[in-house]
Every structure is written in C-alpha cells, then in structure tokens.
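Trainee: Between the sequences and the hints, there should be enough to build the whole structure, so can you do that?
Next come the chains, spelled out residue by residue.
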Amino acid sequence: MSIQVNNISKEFKIFKREAGLKGAVKSFFNRKYEIFHALKSISLDINEGEIIGILGENGAGKTTLIKAMVGLLHPTSGSIFIDGFSPWERKNNFLKTVSIVMGQKNQLWWDIPASESFLLNQKIYQIPEKQFKSTLDEMLDLLDVRDKVNVQVRRLSLGERMKMEIISALLHRPKIVFLDEPTIGLDVTSQSRIREFITKHNEQYGTTFLLTSHYMNDIQALCKRVFIIHKGEGLYDGDFETLVKKINPKRRLQFEFSSNLKSLNVEKLINKPNVSINDQCLTAELPDNEMMDFLNQLFELDTPASFSFEELPVEETMKSFFANPEKFISKL
Amino acid sequence: MRVLVVRHISLWWSFFTNTLTRDMEFKANFIGSLIVDAVYYGAHYFFFNIIFSYVDTLGIFTSADVRIFLVITFIADTVYMMFFSGNLFNLNKLIVSGDLDFALIKPVNGQFIVSFRYVKSYAIVSLTILGLLLSSLISQNPHDISILNLILFFFSFILGQTIWYSLDFMIGCLTFWFKNFTVGGWLGHELFKFAERPDSIYTGILRKSLFSILPMALISSVPARLLIYGPGWNFLYWQIFVSVIFLLLTRIVWKAGIKKYESASS
Numbered sequence: 001m002s003i004q005v006n007n008i009s010k011e012f013k014i015f016k017r018e019a020g021l022k023g024a025v026k027s028f029f030n031r032k033y034e035i036f037h038a039l040k041s042i043s044l045d046i047n048e049g050e051i052i053g054i055l056g057e058n059g060a061g062k063t064t065l066i067k068a069m070v071g072l073l074h075p076t077s078g079s080i081f082i083d084g085f086s087p088w089e090r091k092n093n094f095l096k097t098v099s100i101v102m103g104q105k106n107q108l109w110w111d112i113p114a115s116e117s118f119l120l121n122q123k124i125y126q127i128p129e130k131q132f133k134s135t136l137d138e139m140l141d142l143l144d145v146r147d148k149v150n151v152q153v154r155r156l157s158l159g160e161r162m163k164m165e166i167i168s169a170l171l172h173r174p175k176i177v178f179l180d181e182p183t184i185g186l187d188v189t190s191q192s193r194i195r196e197f198i199t200k201h202n203e204q205y206g207t208t209f210l211l212t213s214h215y216m217n218d219i220q221a222l223c224k225r226v227f228i229i230h231k232g233e234g235l236y237d238g239d240f241e242t243l244v245k246k247i248n249p250k251r252r253l254q255f256e257f258s259s260n261l262k263s264l265n266v267e268k269l270i271n272k273p274n275v276s277i278n279d280q281c282l283t284a285e286l287p288d289n290e291m292m293d294f295l296n297q298l299f300e301l302d303t304p305a306s307f308s309f310e311e312l313p314v315e316e317t318m319k320s321f322f323a324n325p326e327k328f329i330s331k332l
Numbered sequence: 333m334r335v336l337v338v339r340h341i342s343l344w345w346s347f348f349t350n351t352l353t354r355d356m357e358f359k360a361n362f363i364g365s366l367i368v369d370a371v372y373y374g375a376h377y378f379f380f381n382i383i384f385s386y387v388d389t390l391g392i393f394t395s396a397d398v399r400i401f402l403v404i405t406f407i408a409d410t411v412y413m414m415f416f417s418g419n420l421f422n423l424n425k426l427i428v429s430g431d432l433d434f435a436l437i438k439p440v441n442g443q444f445i446v447s448f449r450y451v452k453s454y455a456i457v458s459l460t461i462l463g464l465l466l467s468s469l470i471s472q473n474p475h476d477i478s479i480l481n482l483i484l485f486f487f488s489f490i491l492g493q494t495i496w497y498s499l500d501f502m503i504g505c506l507t508f509w510f511k512n513f514t515v516g517g518w519l520g521h522e523l524f525k526f527a528e529r530p531d532s533i534y535t536g537i538l539r540k541s542l543f544s545i546l547p548m549a550l551i552s553s554v555p556a557r558l559l560i561y562g563p564g565w566n567f568l569y570w571q572i573f574v575s576v577i578f579l580l581l582t583r584i585v586w587k588a589g590i591k592k593y594e595s596a597s598s
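So the protein sequences, as listed, match chains R and H. At position 116 of the first sequence the residue is numbered 116 (my numbering), and the sequence of numbers has no breaks. At position 8 of the second sequence the residue is numbered 340 (my numbering), and the sequence of numbers has no breaks.
The hints are simulated quantities; they were obtained by calculation from the structure and are not laboratory data. Fair warning: this is a prediction, and the values are worked out from it, not measured in the lab. Any given hint could be a false lead.
What the hints assert, rightly or not - Computed far set for chain H versus chain R, every beta-carbon distance over 12 Å:
#, residue
1, V337
2, F380
3, Y386
4, G391
5, P474
6, N481
7, H521
8, Y534
9, T535
10, Y561
11, I584
As the list claims (entries may be wrong) - The following label-pair restraints were derived from C-beta to C-beta distances:
#, chain 1, residue 1, chain 2, residue 2, range
12, H, G364, R, R225, 52 to 60 Å
13, H, I483, R, E48, 25 to 33 Å
14, R, R154, H, E522, 51 to 59 Å
15, H, S342, R, K133, 17 to 25 Å
16, H, S429, R, G206, 32 to 40 Å
Said to hold, decoys possible - Each computed SDA-like pair below joins lysine to any residue, with the alpha-carbon atoms no more than 25 Å apart:
#, chain 1, residue 1, chain 2, residue 2
17, R, K105, H, S385
18, H, K587, R, F36
19, H, K592, R, S86
20, H, K592, R, K200
21, R, K91, H, G517
22, R, K40, H, E594
23, R, K123, H, D433
24, R, K200, R, M216
25, R, K175, H, V585
26, H, K587, R, T97
27, R, K123, R, N93
28, H, K592, R, S27
29, H, K511, R, S77
30, R, K40, R, E89
31, R, K96, H, A360
32, R, K91, H, V585
33, R, K91, R, D111
34, R, K231, H, S597
Glycine included, every Cβ here is placed at the ideal spot set by N, Cα and C.
Mentor: See the structure below:
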C-alpha cells in the first residue's frame, strides 16, 4: 500500500490582532486576517512497509502533513493517493486500513478501562472475534500492559496510557499507521519498549509507519529514511545516516597520551578549533578528511595509552541543524 | 440498505453499553441526574397547573389536553437528551479542540458518530416513568384516543425528534465556520422553550416561523394534536416534508463543514 503525495499545499486563514483591550475592540469591528502557508508544494512517495520519520521544528507542518494524508484536512491544492484512495473522500475501505496515534491527545475514554474502548473499536472496525483476541493478547504482552487493561485509563501512567493508545490504534491491523510524537513525555524505558514494539510490528505485518518525533533516538532507532519539513517546505527526503553526515561530518577522537604532556609540544594541536585537552586526554571533533592527518600528528608526538573514535550524538547534530536550517540547506 | 441499518443499530448499541458502563462508574452522578430531571419536569407541571387554576383552555387545549401535551414535551426532551443533546452540545468543543479527528478517522459515517456517540443512559429511568404517566393520562382523557392516534403520534414524535436534531446539529456545525460558537449549544436549548408551550398560544408571524424556519411547534405540539384529536393529515404531511428537508440540510452542512475543518495543532 503505497502513499503518493503530489505537490500539496495547505493554507490557513489566521485572525490577527493587536494585543490588549484596544486591539480586541478594533478587531471586533475590523477583523484582519492573514494567510498562513502551513504546507508548500510538498511531494513525497512512501513505499509499503517503510518506516519514515517526518522531522521538523514545532510549527514546521509535520502534523498538518499527517492530517492531510489521513484525510482530516483538505489541502488547498495538490493531491494525495493512498493505494488509489483519495484520503479526504473518507471511504470506509480506506479508513479501515489507516490509523493515527497522537502523543498529545487521547482517544481512549478516561473513566473506563481501556478494555472497554478496545471492545468498541472491535465493533467499529468489525474485527472478527478470533483476530481481536489474538491481536490484543499479542500486543498486551509485547507492550507489557496485560495487568493494566482493566484499570480505568485515568489511573494509568503516561507511558501505560500511550501503550494502550497504540494498542487501540493497531487492533484492526491497519496497513498504514501515523504516529505523531508517540513517545513524548515518556521515560526512557517506555520509549524503548514502544520503539521495539514498532519495529516488531513492522517486521511481522509489513505495516507502513509514518513517525514524527522530537526525540532523535526514536528516529535513529526506527527510521532509515526521513523527510524534513521547514516552514512548510520539504527540505530533505532520504537516508537519515547520510543526512547526519551531511550536517555534521565530524567524528569525535579521544586520544590518551602515554607521556607527560609537559614534555610534549602539543600547543599547535590544541590551538585548533574543536580540540581540547583534559589531564592526559585529548578530545577532537573533526571531519574524516582532517582526522587522519591530525591522528598522524598525534602519533608523531607520542604513543597513545589508548585512543578511540565515536560518532557525535545525533540529538546534538540535529539540534544544530534545526537551530539554523538555512545554513545547511546548500549541503543537502 | 438493510445491512447498513443493522450495522448502525449494532454500533449504537455498542455506544450505549459503552456509555452505560461509564455512567455506572459514578453512582452519585447517575442518581443526581434522575433528581435533576424530576425537579425540572415537576416545576413545569406545577407551572401549568397554576395557569389552569385561572383559565379553562389554552387555545383548543383543555387542561387534560395540556397535561398530555406536557408529558409529551417531557418525553421529547428526555428522548432528545438521551440520544442527541450530550453529543450536539459537545460538537463545538470537538471541532475547536480537534478531537473531532478521532470521529473522522473511524470507518463509520462521521455525522453518525458525533450525533450518537454518547448516550445518556440514566434517561431510561425518566423515560419509563414518563411513559407510564402518559399511558395513565391517555386512559383518563375524555377524547377517544384510538390505536390509529397512537400510531400517528409515534410516527409524528419521531419526525419531531428528527427536526429538532437537524436544527440543533446545523447550529452546532456553525463552529466549522465561526471557529468557536459555544453559544450554539445554548441557542438550541433556548429554541426548545418554544416547543414547551402548546402551539395554539402562538399567533401571527411567530406561529408561521414555528411551523417553518424554526419548526419548534412540530416537535411536541403536532404529535400531541395527533394523539389527542386523531389524524391531522396536513400537519403530518408538513412534518414529513420539513423533517426530510432538514435532514438533507444536515448532510449538506456537515459535508461542507468537514471541508472547512482545520483540526488543531498538536
């Protein structure tokens, strides 16, 4: 079940006014609007069984894109086809194959146990009894919430609630699942459990997942491919590892000197940017093409007690990217 | 068609059992709701008893007729509360908060979900009591109330509910355009006050409006007339015409509304 997004744009008419009572009175009689371009000519093709990350800052247009794909929002222009269906026609056969989980919204009823909402979804999606039981059993075990299924939703922790939301959304075994920040606010254990679950579900059923998340660990663990939106425009569509390398081609070197530093002439080395020394240990963050020269110079100075390379944390790389995406656009 | 009807009845039953399960979690709220209903209906009944201590008739309605009319109004109100009121009162909130997303994403007609998702289960108790009261008043009424009257009443009552639902639903849908229209819920509630009085007390343009643009007279007055006085075909045909038109309008307004729907940011 492939997804084809062709040049979609979405505009919202936004009411603008000055702050304060005067502004409120003025706008009551003379209302001013401006057009906000939430999506600008976005095109995207997603293959069946892919897990793709949709990345962008707050307000970049990620959720708008997802909502347009699932048929909740009508784009101002452009078209979307999901396995031949136009989402906003909202055909039942289409709606049975998709699902959405929103990390900041609940679709489960707070006052009753999640099991009651699952039963209701069984009726809505017309899930055969046998399939319902086996799918539910499997997911309760994988997400480790079997003992919570009959507890009122409002008494569950945030992590447990999110796991129940995911179960509710996947009970009918949709072919495409839109996950909008599913791990927001969760502890690392719950985040990790949800990531493992998504991976297994994708492998087992070939489900396509579209994921938005501000946690780069989610993206790194789950998505080979990412699509980046910035101010409503598509900036990048491709391999995540390659993107990270393009944004920050540096690696971190840790080099521990065996000789006393006072006897070595390290001044010219530590004057370089991104190089520092702490006790006997030198740390350098350099691109690969400079790294070998630098390492040779270190070896000429001293025999290392130890040395190692490591990739820079993805969170930091993406943070620097989102702080100033324009700076990196030419590299992409 | 038959399959579709069976599916929607089955879905409604699931909504009902689901909400009943929730309502029964809160005993005090459940019992309190029954008391509120009793006080509300009691106050209206008492009000008309006072009026009839001064006059003998209201238009063509005698004291006995008005009692039947009143109980029909209460039943109309209770049935409406049970099926629609909670749903439509929340429509504004659903649209503004973006929670409508969860109704639109389901493989069921979105209008059906937002109209029937919550069932005020406690209304069954009030409905049973009012049903018994109406049976008692019918047996005591001096008019000859036949089986045909009862059948016509039942049919007309459903049409009345359809009209009320359609009007309230369309008012609720205005939120799609006005972004926040909390007053819509109250507007529907206030309009029903015209239905709480027998149509015979209204005259002139107001009377014409209550049978056409704001057809509140068709909600309980016409069913009461058909029950008490027997076949009034003109009333019935008009009621059928208005309910079909209003119901079709809800479909048009809903479809246009969801095109305008902007959801809410995450």
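Trainee: If a hint holds in the structure, say so; if it doesn't, say that too.
Mentor: So, going through the hints one by one against the coordinates:
| no. | hint | result |
| --- | --- | --- |
| 1 | V337 | holds (15 Å) |
| 2 | F380 | holds (38 Å) |
| 3 | Y386 | holds (47 Å) |
| 4 | G391 | holds (44 Å) |
| 5 | P474 | holds (49 Å) |
| 6 | N481 | holds (38 Å) |
| 7 | H521 | holds (25 Å) |
| 8 | Y534 | holds (35 Å) |
| 9 | T535 | holds (38 Å) |
| 10 | Y561 | holds (43 Å) |
| 11 | I584 | holds (16 Å) |
| 12 | H:G364 - R:R225: 52 to 60 Å | holds (55 Å) |
| 13 | H:I483 - R:E48: 25 to 33 Å | violated (56 Å) |
| 14 | R:R154 - H:E522: 51 to 59 Å | violated (34 Å) |
| 15 | H:S342 - R:K133: 17 to 25 Å | holds (19 Å) |
| 16 | H:S429 - R:G206: 32 to 40 Å | holds (34 Å) |
| 17 | R:K105 - H:S385 | violated (56 Å) |
| 18 | H:K587 - R:F36 | holds (24 Å) |
| 19 | H:K592 - R:S86 | holds (17 Å) |
| 20 | H:K592 - R:K200 | violated (38 Å) |
| 21 | R:K91 - H:G517 | violated (30 Å) |
| 22 | R:K40 - H:E594 | holds (17 Å) |
| 23 | R:K123 - H:D433 | holds (19 Å) |
| 24 | R:K200 - R:M216 | holds (19 Å) |
| 25 | R:K175 - H:V585 | violated (32 Å) |
| 26 | H:K587 - R:T97 | holds (22 Å) |
| 27 | R:K123 - R:N93 | holds (15 Å) |
| 28 | H:K592 - R:S27 | holds (22 Å) |
| 29 | H:K511 - R:S77 | holds (22 Å) |
| 30 | R:K40 - R:E89 | holds (22 Å) |
| 31 | R:K96 - H:A360 | violated (39 Å) |
| 32 | R:K91 - H:V585 | holds (19 Å) |
| 33 | R:K91 - R:D111 | violated (31 Å) |
| 34 | R:K231 - H:S597 | holds (14 Å) |
This entry does not satisfy hints 13, 14, 17, 20, 21, 25, 31 and 33, going by the numbered hints stated previously.
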